[in-house]
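6 protein chains.
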Amino acid sequence: MRPSGRALDQMRDISIETNVTRHAEGSCMIRCGDTHVLCTASLEERVPPFLRNTGLGWVTAEYGMLPRATTTRMRRESAAGKQSGRTQEIQRLIGRSLRAGIDRSALGERQITVDCDVIQADGGTRCASITGGWIALRLAVNKLLKAGDIVSDPIIDHVAAVSCGVYAGQSVLDLDYPEDSEAGTDGNFVMTGAGQMIELQASAEGATFSKGQFAELMGLAEKGVGELVAAQKAAVA
Amino acid sequence: MRPSGRALDQMRDISIETNVTRHAEGSCMIRCGDTHVLCTASLEERVPPFLRNTGLGWVTAEYGMLPRATTTRMRRESAAGKQSGRTQEIQRLIGRSLRAGIDRSALGERQITVDCDVIQADGGTRCASITGGWIALRLAVNKLLKAGDIVSDPIIDHVAAVSCGVYAGQSVLDLDYPEDSEAGTDGNFVMTGAGQMIELQASAEGATFSKGQFAELMGLAEKGVGELVAAQKAAVA
Amino acid sequence: MRPSGRALDQMRDISIETNVTRHAEGSCMIRCGDTHVLCTASLEERVPPFLRNTGLGWVTAEYGMLPRATTTRMRRESAAGKQSGRTQEIQRLIGRSLRAGIDRSALGERQITVDCDVIQADGGTRCASITGGWIALRLAVNKLLKAGDIVSDPIIDHVAAVSCGVYAGQSVLDLDYPEDSEAGTDGNFVMTGAGQMIELQASAEGATFSKGQFAELMGLAEKGVGELVAAQKAAVA
Amino acid sequence: MRPSGRALDQMRDISIETNVTRHAEGSCMIRCGDTHVLCTASLEERVPPFLRNTGLGWVTAEYGMLPRATTTRMRRESAAGKQSGRTQEIQRLIGRSLRAGIDRSALGERQITVDCDVIQADGGTRCASITGGWIALRLAVNKLLKAGDIVSDPIIDHVAAVSCGVYAGQSVLDLDYPEDSEAGTDGNFVMTGAGQMIELQASAEGATFSKGQFAELMGLAEKGVGELVAAQKAAVA
Amino acid sequence: MRPSGRALDQMRDISIETNVTRHAEGSCMIRCGDTHVLCTASLEERVPPFLRNTGLGWVTAEYGMLPRATTTRMRRESAAGKQSGRTQEIQRLIGRSLRAGIDRSALGERQITVDCDVIQADGGTRCASITGGWIALRLAVNKLLKAGDIVSDPIIDHVAAVSCGVYAGQSVLDLDYPEDSEAGTDGNFVMTGAGQMIELQASAEGATFSKGQFAELMGLAEKGVGELVAAQKAAVA
Amino acid sequence: MRPSGRALDQMRDISIETNVTRHAEGSCMIRCGDTHVLCTASLEERVPPFLRNTGLGWVTAEYGMLPRATTTRMRRESAAGKQSGRTQEIQRLIGRSLRAGIDRSALGERQITVDCDVIQADGGTRCASITGGWIALRLAVNKLLKAGDIVSDPIIDHVAAVSCGVYAGQSVLDLDYPEDSEAGTDGNFVMTGAGQMIELQASAEGATFSKGQFAELMGLAEKGVGELVAAQKAAVA
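Residue numbers (the UniProt record's numbering), protein chains in the order written: chain V, 1 to 237; chain X, 1 to 237; chain U, 1 to 237; chain F, 1 to 237; chain R, 1 to 237; chain A, 1 to 237.
Calculated directly from the structure, the hints in this document are not laboratory data. Just to be clear, a hint being listed does not mean it is correct.
Each pair may be met inside one copy or between any two copies, as identical chains are not told apart.
As the list claims (entries may be wrong) - As a list, the in silico DSS-like pairs of lysine-lysine whose alpha-carbon atoms are at most 25 angstroms apart:
| hint | residue 1 | residue 2 |
| --- | --- | --- |
| 1 | 211 | 143 |
| 2 | 211 | 233 |
| 3 | 223 | 82 |
| 4 | 223 | 233 |
| 5 | 223 | 211 |
| 6 | 143 | 233 |
| 7 | 233 | 146 |
All chains, please: the whole structure from these sequences, using the hints.
Printed below as a string of structure tokens:
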């Protein structure tokens with residue numbers, strides 16, 4: 001029934017390749033099916049003005065898409081002169097999600113910027129960015145720990161995200177682009193390794209949804225995030 | 001326990017004053033406690049390019065805040081030269097929410113722009129904008145129906161929204177600013193008059209939350225939206 | 001002869017409601033007929049860089065219009081990415097006018113920003129903004145005096161403004177929109193309570209005007225400003 | 001008493017050199033003392049959208065200053081990414097003033113853009129721009145008449161402008177920069193060859209002014225504009 | 001003597017991987033040592049307005065760098081709100097270079113946009129973009145030829161580019177970042193497969209250079225471009 | 001054969017008028033045939049942040065064109081809200097070229113900004129800007145030397161520039177606009193008084209060019225720069 005032939009609760013193949021760029025303190029290429037996102041974590045020994053002399057660190061994120069990551073070429077945001085509302089919404093979500101998994105006091109007064117750049121898109125780019133962004137963050141923090149710059153690990157738990165939605169009347173896990181563009185309801189679920197919730201978003205794109213449908217989506221999401229966390233563990237082992 | 005002394009499941013006082021401006025096709029001033037939003041609906045007999053010759057109408061929304069709607073003055077977005085990510089996120093949410101309650105085919109090829117301008121802010125401005133925006137939309141559509149420009153009512157159901165969150169460890173309904181700025185979890189719930197879900201968003205601001213906590217928030221939201229829909233009915237009666 | 005039926009030298013009804021918002025140090029809603037402007041004064045204990053360590057204070061103004069304050073909806077300036085030339089011209093005029101009525105040395109090194117936001121427009125919005133802006137300023141300064149933060153009153157005199165013009169060949173006072181859009185000559189007169197001039201502007205919109213016509217407009221303006229100052233006195237009494 | 005040693009009612013030396021650039025349909029370099037402005041008129045056989053099929057033409061103006069036209073170098077507006085409020089105010093004034101001297105119906109559906117670029121500044125640049133801009137416009141219209149593209153002269157009368165102000169307590173004509181930066185009141189007067197008023201602006205920069213003082217300024221302005229119109233006549237003879 | 005230990009006339013290792021993204025009509029990842037650029041060619045069946053109804057096609061290019069392609073993270077140009085002068089200079093060069101190798105009449109009225117996005121930078125990114133951009137263009141044109149949309153091959157010849165410079169007093173081929181940042185003279189040479197020149201640029205960064213030194217650089221460039229063209233031939237074989 | 005009737009190796013008439021504006025520390029109007037550029041040098045006793053406390057000075061340049069410097073009026077860049085890629089490319093070239101002729105250590109921690117504003121354009125504006133910009137710089141430095149603010153002359157040598165190109169199949173010197181717009185190859189050559197190279201740029205605009213053709217262009221350029229340097233010497237004598 002799904003265009004890809006997947007079972008309703010079946011994720012796309014996940015692959016996480018670590019340390020893919022030479023300069024970043026942490027990096028990975030995450031591939032969720034045909035969605036490929038390059039995530040890098042950049043460390044700076046300074047914090048934004050509102051955090052100076054608080055002893056607290058900061059984790060922030062930026063998101064971008066190469067112009068031809070998509071089926072038809074999109075205008076480059078730097079040429080348009082501004083980031084779209086969608087881009088800003090996504091990068092705010094990534095930043096909030098990653099901050100929920102970190103003890104900013106243990107990180108100390110330094111900032112880590114996670115850049116998530118979509119090389120190829122097939123739905124679910126914000127979720128792949130969160131899942132891959134966590135890997136880049138983990139690797140950058142490992143470098144700090146190894147160098148002795150921080151003594152206790154500021155990372156509290158895994159953070160991973162998956163989308164679920166109602167496609168052709170049925171609840172399905174990990175929407176790809178053909179499903180996403182047709183889905184009646186579309187949701188993103190960001191969770192921890194322990195199964196706690198960080199951010200839930202569900203939106204009626206055509207038809208409204210019931211509490212029961214939402215519960216189904218959440219069940220699927222828990223299964224999916226479990227698999228993503230396992231993939232994260234394997235990647236950073 | 002709540003700064004305002006309200007019960008955990010108690011809404012702020014709601015007041016909806018209709019037809020408050022002379023020019024707009026529909027308008028209201030909605031007051032949810034100390035949060036006051038002026039909502040206007042403007043009708044145009046044209047649609048965005050992607051809808052031309054489709055027979056479908058469009059409902060969109062814009063959101064703004066007067067510079068001194070808040071405790072300390074904020075910079076005017078027109079002077080800053082761009083709308084913030086927060087503003088864009090909110091106006092996209094209002095637009096999606098209102099579109100979920102309308103039959104765009106029955107509306108025909110015309111556009112209604114709902115402007116939500118916050119005159120005074122005390123938390124929950126996006127929810128008040130959705131609830132009040134629906135009133136402005138309802139009144140503008142009534143004008144079309146009365147004039148005979150459309151024959152069947154394109155409005156499918158009420159649309160209203162409320163925030164809930166975990167404040168001081170307890171689930172509370174309809175957060176005001178002192179609660180919102182301290183809440184561990186903060187959520188917005190957009191629903192129809194029939195109790196169907198349009199958009200759910202919940203975000204961990206300090207501590208993650210469990211499925212059980214989210215269920216509590218949703219229960220509170222259902223109560224709150226019920227009261228908002230009753231206030232809408234009274235206002236447009 | 002006038003569309004509103006008013007006499008040539010008759011002002012529209014003036015209403016000034018004070019302390020209309022909870023957060024601002026001073027505020028009012030001024031209504032000149034169907035022109036309604038919300039004016040707030042925001043106090044900051046800092047001055048622009050060019051005034052640091054001079055002992056002088058600063059009063060500045062910003063002006064905006066809600067998108068549907070007008071007959072047809074106008075594009076939101078924050079969405080357009082810049083303030084129009086008209087907006088900048090008006091807010092510079094308001095700021096200059098209010099500064100002419102204040103002793104910046106007595107104010108001390110602090111800044112008051114007066115925001116004038118047009119809720120509904122029917123001509124004369126810049127004049128209503130000056131007249132109402134002075135009220136907001138007066139109330140904010142009263143708060144400083146009451147708190148003992150300043151000892152001598154920095155406000156020298158009332159500042160109020162009215163428009164006059166040549167409509168259908170005759171000099172008329174306090175143009176509303178139907179008159180303004182047809183007027184051959186259009187002027188704005190900013191004066192003090194003592195009848196001194198702060199700013200005069202008169203512009204030929206269709207036909208040029210003579211010295212005699214200008215003298216007539218000035219005579220009308222003196223009458224109008226007198227009535228506005230009386231209304232200010234009543235409002236802050 | 002004046003820094004330049006001029007009499008109170010004495011203009012600076014005026015020089016108008018015509019046809020100074022090769023490409024423009026009309027051009028001049030106007031020098032009012034040390035204020036030098038290059039004015040060009042560019043003709044296009046099209047009008048802005050709001051005038052299409054009305055039979056009416058359009059005259060508009062733009063204003064700029066070379067970065068080192070002033071005592072200290074100013075930032076280039078193209079590098080700043082926007083025109084200042086002052087620039088916009090000035091170019092709107094120039095455009096309005098020139099339009100008041102033209103019969104747009106006789107001009108026909110074509111647009112003339114008058115560019116006024118300040119090469120060297122010593123006060124009074126907006127007035128010099130209007131006076132010189134009229135010359136450029138006159139020459140461009142002459143070309144249209146000579147070519148037979150229009151049959152009756154659309155230019156109704158001369159348009160010229162001068163500043164007056166209260167300097168060191170006395171009313172003076174044609175302020176230079178040292179006077180302008182110290183003046184208590186500063187006004188710009190745009191008039192026709194026949195002595196009719198097009199635009200009057202007077203502003204209290206430090207002290208307010210009386211009706212009597214304003215009458216003095218207007219008297220001086222009438223004398224000054226008379227001399228400017230004579231210089232215009234000589235230049236285009 | 002070179003930081004990398006290469007001979008003076010030795011290129012870095014070149015690798016060209018084709019068809020690396022799913023959506024673009026042509027694509028490659030080109031790696032010149034540690035400089036990695038993703039090049040995509042996007043085809044549109046329309047041309048810019050100035051070419052409509054001329055029968056001529058258009059090839060244009062855009063260039064970008066991921067924020068952490070470099071040693072220290074650079075600000076994202078979309079967040080800065082504009083493309084830097086350097087970015088614009090580079091993308092104009094890439095576009096001009098690729099157009100020099102194409103018969104725009106044989107291409108017909110269609111546009112190919114070549115996007116060059118630097119994934120990792122170690123000097124020579126503009127040259128790698130030209131060399132890799134030609135591959136993407138070649139592959140997109142092959143698709144048009146195969147589909148029968150065009151009948152004669154519009155590609156006239158290979159286009160490739162290399163940098164040369166004077167480093168530590170000696171002329172060297174294919175500068176990497178440590179050399180580039182220290183070079184006294186730095187040049188970029190764009191040539192065809194037949195050895196004709198398309199664009200030469202050489203710039204004194206610290207010391208000026210003589211005709212003799214420039215001749216040495218050009219000799220090195222000819223050797224380098226020869227090797228790049230051979231790599232291009234192998235890649236598209 | 002050339003539209004102007006000049007010999008293949010003949011420059012246009014050169015005229016350099018010095019000290020043309022009252023405020024700038026150095027200035028000239030350079031006229032290369034019908035290309036007229038006003039160049040001013042502005043001195044500031046501060047350097048950009050990256051040079052503070054290095055003992056080194058800075059020379060930078062900005063470039064602009066009056067809207068009607070060209071055959072048809074161009075949009076003002078300040079109105080467009082940004083400088084074009086072409087403008088940025090040119091001003092970066094002027095700055096680099098002038099810096100190559102100066103000893104920044106002898107200049108000391110001060111900045112000279114050279115503004116080059118094209119009053120009338122007929123091809124070769126960037127070359128005229130470099131040649132005239134050097135004069136403005138020379139005069140500003142003379143003022144510093146005369147005042148004793150610096151003791152040894154920081155100017156190492158003359159800097160001048162000329163364009164050459166292949167027009168109608170033949171190599172020609174100093175292209176004017178009719179030639180430039182038709183040239184197959186177009187190059188700019190920036191050299192010192194001693195004949196050393198500072199910057200070479202040659203670009204195929206229609207047909208590629210051979211090494212032999214480039215050698216011809218360079219020979220012409222050497223002749224042209226020699227004549228420009230002689231004119232510079234005469235101007236500052």
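Problem - residue 223 and residue 82: within-copy, between-copy, both or neither at 25 angstroms Cα - result: Close neither inside one copy (37 angstroms) nor across copies (40 angstroms); limit 25 angstroms.
Problem - Alpha-carbon proximity context of residue 143 and residue 233, limit 25 angstroms - result: Cα proximity of residue 143 and residue 233: one copy only (17 angstroms, versus 42 angstroms across).
Handout entry: Intra- versus inter-subunit Cα pairing at 25 angstroms for residue 233 with residue 146
Key = within (19 angstroms within a copy, 46 angstroms between copies)
Practice task
Have a look at residue 223 and residue 233 and pick one of within, between, both or neither, based on CA distance no larger than 25 angstroms.
Solution key: within (16 angstroms within a copy, 42 angstroms between copies)
Problem - Within, between, both or neither: residue 223, residue 211 at alpha-carbon 25 angstroms - result: both (19 angstroms within a copy, 14 angstroms between copies)
Exercise for the section: Indicate which option fits the pair residue 211, residue 233 if close means a Cα-Cα distance not exceeding 25 angstroms: within, between, both or neither. Expected result: between (33 angstroms within a copy, 24 angstroms between copies)
Exercise for the section: Since the copies are identical, ignore which copy is meant and state whether residue 211 and residue 143 lie within 25 angstroms (CA to CA) inside a copy, between copies, both or neither. Expected result: neither (44 angstroms within a copy, 34 angstroms between copies)
In summary, the numbered hints that this structure violates are 1, 3.
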